[in-house]
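*Asks:* Listed below, chain by chain, are the residues.
Protein chains: 2
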Amino acid sequence: MLQTRLDLDRIRASRDAIDPVFLATPLYRCDALGGQLGCTVSIKLETANPVRSFKARGTELATSRLADQGVAAVVCASAGNLGQALGWSGRRRGLDVTVAASCFAPTVKLDRIRSVGAHLELVDGDFEMARERAVTIAQQRGVRLVEDSLDIETCEGAATIGLELVSGVSAGDAVLVALGGGAMATGVGHVLKALAPGVEVVCVQPVGAPAMTLSWRERRVVTTDSTHTIADGVAGRYPIPVVLDDLLQVIDDAVLVREASIVTGMRLLLEHAGLVVEPSAALGIAAILEDPDRFAGRHVVTIICGGNVDLDAYRRWVGW
Amino acid sequence: MLQTRLDLDRIRASRDAIDPVFLATPLYRCDALGGQLGCTVSIKLETANPVRSFKARGTELATSRLADQGVAAVVCASAGNLGQALGWSGRRRGLDVTVAASCFAPTVKLDRIRSVGAHLELVDGDFEMARERAVTIAQQRGVRLVEDSLDIETCEGAATIGLELVSGVSAGDAVLVALGGGAMATGVGHVLKALAPGVEVVCVQPVGAPAMTLSWRERRVVTTDSTHTIADGVAGRYPIPVVLDDLLQVIDDAVLVREASIVTGMRLLLEHAGLVVEPSAALGIAAILEDPDRFAGRHVVTIICGGNVDLDAYRRWVGW
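Chains as they are written, first to last, in full-length UniProt numbering: chain A, 1 to 320; chain B, 1 to 320.
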């Protein structure tokens with residue numbers, strides 16, 4: 001019996017609060033990509049929606065509950081995608097949304113946060129500094145803080161991906177999940193362990209931003225002093241203890257991948273699946289590239305979690 | 001009362017024969033793209049499936065009915081996408097599939113037709129020559145011919161896109177449909193005229209492959225001697241009379257667009273929607289680019305019908 005903060009009935013019910021445009025996303029086999037990787041590859045595509053990432057599953061749920069409670073203003077820290085999703089969801093529910101973000105976040109993400117009507121507060125530091133700023137804003141202005149991975153709605157929203165995966169996976173399959181703060185990993189992991197326990201859930205993090213993976217391996221919070229990765233969406237340094245507790249129950253492994261593998265993963269997704277993705281969304285393919293024997297001949301599902309990427313940087317990375 | 005070859009109840013029922021991986025595709029607003037075009041743009045994405053085009057909706061239906069009839073072998077002519085889809089659908093139902101195609105079709109399309117297990121017969125001529133070859137093969141070998149746009153299943157399959165659009169459109173909106181042989185246009189058009197008659201259905205064809213548009217305008221079949229377009233998926237010269245008859249009832253307009261607009265459309269879809277599409281899938285955006293006043297301020301839905309494109313050519317076209 002899983003003892004995480006998540007609950008299957010609650011996850012199932014949460015779908016009613018989420019705009020259908022974010023649900024029932026494509027899940028399909030991509031043989032051209034699988035042929036390159038020596039295994040059967042299925043793609044769970046989370047980029048074909050108005051905010052181009054899975055994050056709105058969680059922000060739809062969070063803002064729905066906050067609006068029900070009469071909350072008028074919210075703030076979050078974001079590497080870029082959560083802020084855009086919270087802005088989108090909040091605007092539709094009349095919430096005033098403020099997003100604290102690193103000034104080093106991709107320009108396209110910052111622009112899109114503004115374009116959905118959120119107030120953007122730039123921080124001269126990394127994502128962890130933005131988290132501190134969001135806490136300060138919440139305290140000083142008396143607005144509600146939405147914290148990714150800690151607020152249960154962000155995990156429950158991501159967990160709805162797991163519900164959609166269950167019918168497409170079977171024992172022996174592996175699901176690759178990008179690991180950052182842990183909302184997607186705990187959410188998807190919880191559902192799979194509950195409903196399809198024979199499926200291996202493998203989290204993937206860049207070697208340049210390994211805090212949660214190191215924490216999972218040592219079964220205690222391990223922080224790092226800095227991050228060095230192009231995968232801006234998963235570059236945290238301070239894992240949240242209760243999220244780690246959940247993660248320890250629901251995933252089978254956490255692996256670290258090199259930057260070169262992430263780049264190759266992005267290029268393979270472009271050339272063999274026709275998908276332009278942000279670096280975090282290529283972590284799964286990177287994991288296959290780094291350990292082909294592990295996945296050889298198996299059916300591997302990779303969640304393409306986001307497509308918000310600066311195109312100039314993208315072209316440079318993939319060599320186009 | 002519409003008097004086409006299509007029937008709404010039959011279209012609704014046809015969904016049961018189609019693998020769900022091809023149904024309920026994403027339909028979402030893309031504000032970044034709309035901002036570039038001066039209107040609200042929604043994308044109906046038909047590329048996130050195993051064959052990367054809408055064509056499998058029709059081939060699923062066709063092969064399902066043929067298998068029920070005990071048919072063992074089929075042949076079709078294809079510009080590339082139908083053949084891939086027929087191969088995919090046929091293989092799953094134990095059908096032997098032969099595809100006649102132009103040797104000038106994009107290599108990626110020919111490769112993928114082979115990769116799904118179909119026999120490929122290359123013709124030293126254009127798509128119309130491939131159509132002739134398919135007829136000959138059917139006669140000589142006694143195998144069943146599946147003819148795009150003429151076989152009602154290809155239209156009914158495409159019409160299921162229309163069913164999925166109905167809930168997302170309202171009076172005054174416009175739906176842009178790539179026009180080739182006419183299966184998608186008659187299918188989607190029939191459903192929209194039946195269920196959402198206030199929605200404008202606009203077909204878009206390249207000025208370099210205008211046969212069906214000219215036919216629609218003159219209300220009689222007009223053929224052309226040649227085609228000159230990068231939009232290989234819609235480059236026919238001999239419209240089918242009964243398809244034209246249907247088209248005359250269900251669409252509001254047919255417009256022709258220039259090659260430069262198609263290329264710009266592809267680039268905008270890449271840069272503002274993160275989508276790598278084949279030229280035919282950019283026809284709708286090209287139509288907006290060529291007549292922005294017509295669509296200004298309106299909600300325009302464009303069907304992204306295929307993503308099978310040779311990447312070297314693509315890079316050259318979009319200037320990447």
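Bear in mind the hints are in silico, worked out from the structure with no lab data behind them.
Hints should not be assumed to be uniformly reliable.
[To be verified] Derived list of chain B stretches under chain A, where covered just means 3 residues or more per stretch with a C-beta under 8 angstroms from a C-beta of chain A:
1) 6–15
2) 24–30
3) 36–49
Don't be surprised by glycine CBs; every beta carbon is placed ideally from N, CA and C.
*Asks:* State for each hint whether it applies.
*Replies:* For each hint, the structure was consulted:
no., hint, in the structure
1, 6–15, "violated (count 0)"
2, 24–30, "holds (count 7)"
3, 36–49, "holds (count 5)"
Checked against the numbered hints given earlier, this structure breaks only hint 1.
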